[in-house]
Structures are given as structure tokens and as C-alpha cells.
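Asker: Sequence:
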Amino acid sequence: MSTRHFAAVDLGATSGRVILATIAEGKISMEEIHRFADPIIQMQGHFYWDFPAIYKSVVEGLAKIAASGVAIESIGIDTWGVDFAMFGEDGALLRLPYCYRDPHTTDAPEKFFERMPRKELYEKTGIQIMNFNSVFQFDTLRRNNCSALNAAEKILFIPDALAYLLTGEAVTEYTIASTAQMIDPRTKLWDEDILNLLGLSADKFGRMVMPGQKIGQLTAEVQRLTGLGAVPVVAVASHDTGSAVAAVPAEDENYAYLSSGTWSLMGIESAEPIISERSFELNFTNEGGIEGTIRVLKNICGMWLLERCRAEWPEMGYAELIAAAESAESFRSLINPDAKCFANPESMTTAIVDYCNATNQPAPETIGQFVRCIFDSLALRYRQVVEMLRELSPVAIEKLYVIGGGARNQMLNQCTVNAIGIPVETGSSESTAVGNVMMQAKWAGVVDSISQMRAMIRESLDDGVRYEPKQADIWSAAYDKYMSVYKDL
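Its first residue numbered 173, the sequence shown is counted upward by one per residue in this note's numbering.
Don't read these hints as lab results, they were simulated from the structure.
The structure presented is a predicted model; accordingly, all values stated were derived computationally and were not measured.
Please note: incorrect hints may appear among the correct ones.
Unchecked claim - For each label pair, taking beta carbons as the anchor points, the in silico distance ranges come out as:
(1) R315 with A243: 46 to 52 Å
(2) R638 with L361: 28 to 34 Å
(3) E325 with G198: 24 to 30 Å
(4) V567 with D526: 49 to 55 Å
(5) M215 with P486: 40 to 46 Å
(6) K386 with E197: 32 to 38 Å
(7) A239 with A616: 21 to 27 Å
(8) G198 with F452: 29 to 35 Å
(9) A616 with D526: 29 to 35 Å
(10) R638 with F452: 34 to 40 Å
By construction, the Cβ of each residue, glycine as well, lies at the ideal position given by its N, Cα and C atoms.
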């Protein structure tokens, strides 16, 4: 097999990267070329993404690839979901995109449900109700008479907006659109009833593309700015979780996955959406995956909790935090990671203390106790969600694959396997970028199926770890305590 090179633009909720991937001798290797912040600007009472700065950083990363002299075959882009940019008739950006953590949608679902009942919206889309979903963002902007929305000629989700600036082609990639709660997962098309309620039409969005389709090629301007030639930009699973799940190194279907990062996304892959009375009650989501699959999953507030606490402990490195947590008492304080109070507090440590006080628990006092509280609580929340998945899944769940940055967190992984009671195996900590690149490789003809993609990923994985459950009785008792203090404060 000849050596092939691809570029992955991988944007997370806190930082972005441009990665150079090489496929040779049946294996994939990754080199981080450029890392940058995905800046959020607080301005006039709102939180926005500094989209021009993000675009500039992407261009800088591509320029570094060009300067290295490596010839890439294509570029793929993945980002977080739900957020979008609006462009005017002349193609210009109309305003900075709102960040999904902006409080303007705090009570938005209830206002929308006055016109379309909650259950009807779920039955149409199969998407879990979260206040920042695009449908509620659009409804809020419309109710607030947003001038940018009124003037928008094109509305593009973040990865599509970046692709538009790079290629001049306005598209809507299916997996990112599926996060909006406006797509019918059966037809994979916009739901006209929802669009009509929002005062929108399908032509406001770009043409629909699927992972593995070409979007366009770099414009003459971007070629000049980067030093690259007319390189194609290829649609990958542009929702970062979609790309991450594409990189699960599974050999069969009897598994669940946990994409562990700022968010934890736990679920299964399914050939069909799972939309039922029970999935509605449990608030599970049905997002688009590669090759027509559906990612049946639940969003869990993951390492966001620790990231926000770390901002209050600038002197502490990650290894020191883990060591402090290992020496702290287990299960002293437990929280519901998905309680509303942890969404975007001014002080995460204060929010954790307040939760513990409200549930009559000793509040953490030391850094080790805070970190231990977070890890124990996340592991027990994972058990709670695994039990929900078992009710919904058409296949047995015999193993959990942990992918993403959390795959390297040995302490949290051992807590997780102890809590859920089935083996845990780790995939690549770079799973999102790996999935991004493998869909480009499929477009380029390097592989021709999901099974071949995953076989190459398994062959390339040199840091996978298998964890076995321990201390079953202790963790079962801890789960009972967790459920007794489980509140949505």
C-alpha cells in the first residue's frame, strides 16, 4: 500500500487542532501540527464563538502542513454539535455564532412546547431534549427578533461554515444536522413541520451531504493563504462524536461506547432509530452516524466538571490532581454530573459544595476530595446510563469501549469498570481525528467499508488497555448511595 496523507481539522469545545495523518502499510499514524484555543467571547450579556479567530487558526494549521512539503489528498472537518453561523446574501458572516452554553435558551424548550408538544418533537426527531439544541436556539432567536436570523441567506453548522469559508460551497453534513433536533432520522431529511414553526425553510441550509462525499476544493484565496493547491474538502462525520464512534475498534456489535472528553457520550450503534415510549422517558437521542447508522446515546456532562475546577487550581498539574484523588476517601461526596447547576456556573467548586449541602452530604474540602467526587460520580452515572441502554438495546452489551481523551485516564477507567461490572477496553485517545481521517480514506478508496476501517484502526492501536471489574459489592453499595442523592438541582 502506498503512503497516503490527509488533514483532519478537529475542533472541540475548548480547543482545536489541525492534524496530519499518514496511512502506510495498513496502519494510520497522527501528528498534531497546530493546536489552538476555540475562544468564547462574553459580550453584551451573551457567550459567542470567536469564529473568525477559529477560521484563522485553521488556515494557519493548513499553512504549516503546506510548509512541511507533505502533499495531502483531502481535508476533513469535525466540531461540536448544535451551533451554527449565519451568512448574508453577499456571503458575509452576519454575527458571531452563539455558544451552546449561552443562557438565552435556559427556558426555551418550555416555550417551544407551547406550540409543539414535547413528545411530538421527540417522536419526529428522536433527539433528547436539551435546552441548547439548535431547534431551541432558532426559536429563541426568532422570538427575540434576531436581526441576523431575519437577514440570513444561509445558515450553516460550525463545520459546514468552516468548509464554506474554505471552499465557497454551502453544504449541510447529515451527522451535524442530526444534532439540531430538526431532522427526521428515518428519512434523514428536514422535518417540514418543525421548519415551518421556526419560520425557516430547507433552502436556508446548504445542500445535504453524507459522510464520504466531496464538498468542494480550496478556493484560490485559501490556496494562496495556505500554500496548498486545489485540495478537496471531504465531508466526514462532521459531528465530533460521529467521527469518534466511527473509530471504535469493535469486532462485533455487542458493545456500548463511551466517548470521553469535555462531554461524555454513551451509547450504541443501531441500524435503525430507537424511538419509543421508554426512550422518550429516558431522554435518549438518535443522532446520525456513518454509513446510515444511528448513534443511540445519552449526553453526560463529562470532564467539563474537572476542567472548570482546574481553572480554580492553576498551580495543579493533571498528574498531581489524579494523585490527590487516589489518596482521597471514596464515595464521601457524590453528585449528579448532569444537574442543571453544573451547566456553566461561575465557580464549579462552589456549585459542587452547594449540591452536597443540598443533599445532606459532607462537601469536598480538599482538591483531592473534589476530584474524587467527580470521578466517582461520573463512573456511577455511567452505570446508570448502561442500565438504561440495556433496556433499549436490541443487542447484548458485553463490553464498553472508551474512546477520546478519557481513554488515557486510568483512574477514571478503573472506576468506570468497577461501577458497570463489564470489561472496559480503551480505543484511541485521538478517536475523533482517527474517525475523521478514516472517512477521508474511504472517500479516497483506501478502505471500502466500516469493517475495513475498524480493522485498520485495531491494527494501528498501540496503547489500548483492557480493564476488569473489581470490588463489585463496594461499588453496588456506592451506586445505592448515588441514587439516593441523585437530584436535578
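Asker: All hints, please: hold or fail.
Answerer: The hints, checked one at a time:
1. In this structure, R315 and A243 meet the distance hint of 46 to 52 Å, their C-beta atoms being roughly 50 Å apart.
2. The hinted range of 28 to 34 Å is not satisfied by R638 and L361, whose Cβ atoms lie roughly 41 Å apart.
3. For the pair E325 and G198, the supplied restraint of 24 to 30 Å is violated, since their beta-carbon distance comes to about 46 Å.
4. Between V567 and D526 the C-beta distance comes to about 40 Å, which lies outside the given range of 49 to 55 Å.
5. Evaluation of the 40 to 46 Å hint for M215 and P486 yields a failure: the beta carbon distance comes to about 24 Å.
6. Against the hinted window of 32 to 38 Å, the Cβ-Cβ separation of K386 and E197 comes to about 26 Å, which falls outside the hint.
7. In this structure, A239 and A616 meet the distance hint of 21 to 27 Å, their C-beta atoms being roughly 23 Å apart.
8. The beta-carbon spacing between G198 and F452, approximately 44 Å, falls outside the hinted interval of 29 to 35 Å.
9. The hinted range of 29 to 35 Å is not satisfied by A616 and D526, whose Cβ atoms lie roughly 52 Å apart.
10. With their beta carbons about 35 Å apart, R638 and F452 fall inside the hinted range of 34 to 40 Å.
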